[in-house]
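Sequences listed follow chains A and B, in order.
The first sequence runs 147 to 482 under my numbering.
The second sequence runs 437 to 758 under my numbering.
Be a bit skeptical, because a hint or two may be false.
[Stated by the list, open to error] Here are the simulated DSBU-like cross-link-like pairs (lysine-lysine), alpha carbons at most 30 angstroms apart as the crow flies:
#1 A:Lys184 with B:Lys463
#2 A:Lys381 with A:Lys149
#3 B:Lys463 with A:Lys198
#4 A:Lys264 with A:Lys184
Worth flagging that the hints you see were computed from the coordinates, not collected in a lab.
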Amino acid sequence: MSKKSFRQALNEAMRQEMELDPRVILLGEDVAGGMGAKGEQDAWGDVLGASKGLLPEFGRERIYDTPISESAFIGAAAGAAINGLRPVAQLMFVDFFGVCGDQIINQMAKFRYMFGGKATTPVVIRTLCGAGLRAAAQHSQCLYPIFTHIPGLKVVVPSSPAEAKGLMIAAIRDDDPVIFLEHKAMYDDTEEVPDEPYAIPLGKARIVREGGDATIVAFGRMVKFATQAAAALEKKGVKCTVIDPRTTSPLDKTAILDSVSKTGRLVVVDEANPRCNMATDVSALVAQDAFKALKAPIRMVTPPHTPVPFAGELEDLYIPSPATIEAAVSATVSYH
Amino acid sequence: MQLSRTDLTKAYTEMRTIREFEERVHKEFATGLIPGFVHLYAGEETSAVGVCMQLNGVDYITSTHRGHGHCIGKGCNVEGMMKEIYGRQGGLCKGKGGSMHIADVGKGMLGANGIVGGGPPLACGAALAAKQRKTGGVAVAFFGDGGFNQGTTLESMNFASVYKLPVFFVLEDNGYAETTASTWSIGGHNPVQRAAGFGIPGERVDGHDFFAVYRAAKEAIDRIRDGEGPQFLHIEFTRYYGHFEGDAMTYRPPGEVNDERRYLDCLSFFRARVTSAGLLEAKDLDAIDREIAQLIDGAVTKAKAAPPPPATDLTSDVYNSY
């Protein structure tokens with residue numbers, strides 16, 4: 147056990163799985179870097195450096211830098227998976243899903259079902275998401291609701307370094323295509339991360355903290371903000387349960403419904419745009435299956451329904467904050 | 437090909453403006469005041485200027501991550517650009533787009549693009565509209581050696597070919613798609629031949645030489661305006677800065693950029709050529725340099741002094757009833 151960043155935790159997960167299983171390969175744009183160039187190889191180790199250092203250990207037989215051709219290499223990952231490899235493909239920013247959506251939605255997601263269960267597609271698509279870096283409208287989205295909508299895909303939204311490691315290992319070992327969304331504003335977050343390999347099951351929520359007054363369900367980076375809000379609320383005598391579902395698909399319905407049945411109050415925090423996002427999905431689940439337990443209307447904390455703005459002043463208003471979460475919880479507990 | 441004194445002055449002024457703009461943004465970025473991802477165009481000035489000098493008000497361009505030069509080439513206001521890059525009021529996109537999405541549709545500049553290969557289909561559409569509306573306009577799709585390997589670019593070349601759309605496909609090959617060498621990533625290693633595969637005539641030019649780019653662009657765009665359909669140009673040069681600001685460029689051999697700047701700089705070439713031929717005087721060019729330095733300095737000062745966008749801008753310009 148030692149302190150590791152989100153980036154280091156991901157690196158360790160990939161390294162350990164590559165050591166364990168020769169079928170695991172990496173591919174994507176600049177996942178090593180310097181391909182064909184005369185300078186340093188492994189120049190980047192992907193755009194934020196999560197796979198840096200893997201090239202010297204595993205070589206270009208296991209780590210494929212690709213041309214900028216998302217449709218080709220994301221689709222190739224699916225093709226390689228169906229033919230015995232376990233590719234980890236890096237889609238640099240999830241926004242670039244727009245370029246290669248067919249290979250994800252119509253191809254890899256469908257194979258197992260459409261081929262009558264005769265194919266498995268053990269692909270992991272690692273991809274950066276989230277606002278906060280002034281990266282503007284085409285490099286800042288949280289598109290996990292889109293993948294959640296597609297049967298056949300598993301969708302992971304890790305909330306901390308230790309979570310990222312265990313969930314990445316589980317994703318690589320999983321036989322279905324997994325979309326793994328790494329919030330770029332969390333890359334330098336650090337915490338104690340076990341050194342040995344471990345897998346966190348996909349579909350099992352984490353109860354971050356427990357309290358009887360309200361349930362906060364949050365995703366990805368919002369778990370951190372929800373936890374900060376819960377800590378501030380506790381000082382005011384309001385005790386919250388914070389649930390990190392870890393995966394949006396499968397979704398741990400039981401953990402959410404059990405908690406709401408005890409607290410009777412729900413706030414869902416989602417950095418994705420508000421229409422048809424995880425906040426609406428969880429709200430619908432609770433409204434349908436735990437209606438009698440509810441003591442107050444469900445509240446959703448999300449950005450506005452706009453693209454992510456560039457200017458820092460606007461982006462800061464866009465992103466849900468611990469303060470907006472705290473206000474939503476306060477409103478629900480004071481509802482009578 | 438002989439350019440008039442006016443055209444030569446215009447060419448130098450615009451290339452110098454791009455260079456000064458980018459060098460200054462590089463410097464300012466290092467102070468931490470410019471937010472986000474910034475991709476600089478310094479070293480590639482011949483393309484934006486050599487191509488855009490053939491264009492007029494009815495023509496459109498689509499751009500790349502590296503879009504500042506294209507903006508200046510297409511006549512965008514540098515103060516509005518600088519304010520945009522700083523994320524301030526008065527920016528070309530009200531501070532809502534930033535460097536990677538800088539645009540001025542009124543000037544026919546359809547935007548820098550955060551998506552590699554995002555532009556060529558849009559250029560096809562602009563060209564289709566120009567053809568249907570009989571405006572006489574052409575559309576230029578600028579893309580890099582990275583974008584040249586995107587399906588969207590290749591599909592667009594085919595689409596433009598079958599409909600004989602007035603599109604000029606301009607491959608700005610600066611040697612690296614992020615860290616990856618274009619000598620590796622472009623399969624077949626012959627872009628002109630690739631374009632020929634779509635039935636699109638093209639040629640390769642040395643991008644350090646403004647006059648070569650200008651001539652090739654003029655001939656191609658003349659053919660497009662004559663109804664000959666899409667044309668292709670492969671321009672080879674280098675970029676003086678990283679893929680983005682903050683990229684340490686370790687994938688490039690030591691000294692590569694310095695050598696390019698010292699021996700192959702397009703502005704130095706241009707200056708030497710026009711002064712030695714007696715077409716423009718060195719003192720006139722010096723005066724232009726000083727004028728542009730002031731212009732850019734003023735733009736930076738005004739951008740820094742401009743207020744941030746008002747909070748109400750967060751939810752404007754989009755259907756938002758939620």
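Quick rundown of the hints versus the structure:
1. A:Lys184 with B:Lys463: 27 angstroms, holds
2. A:Lys381 with A:Lys149: 28 angstroms, holds
3. B:Lys463 with A:Lys198: 28 angstroms, holds
4. A:Lys264 with A:Lys184: Violated: A:Lys264 and A:Lys184 sit about 45 angstroms apart, past 30 angstroms.
Hint 4 from the list above is the single one not met by this structure.
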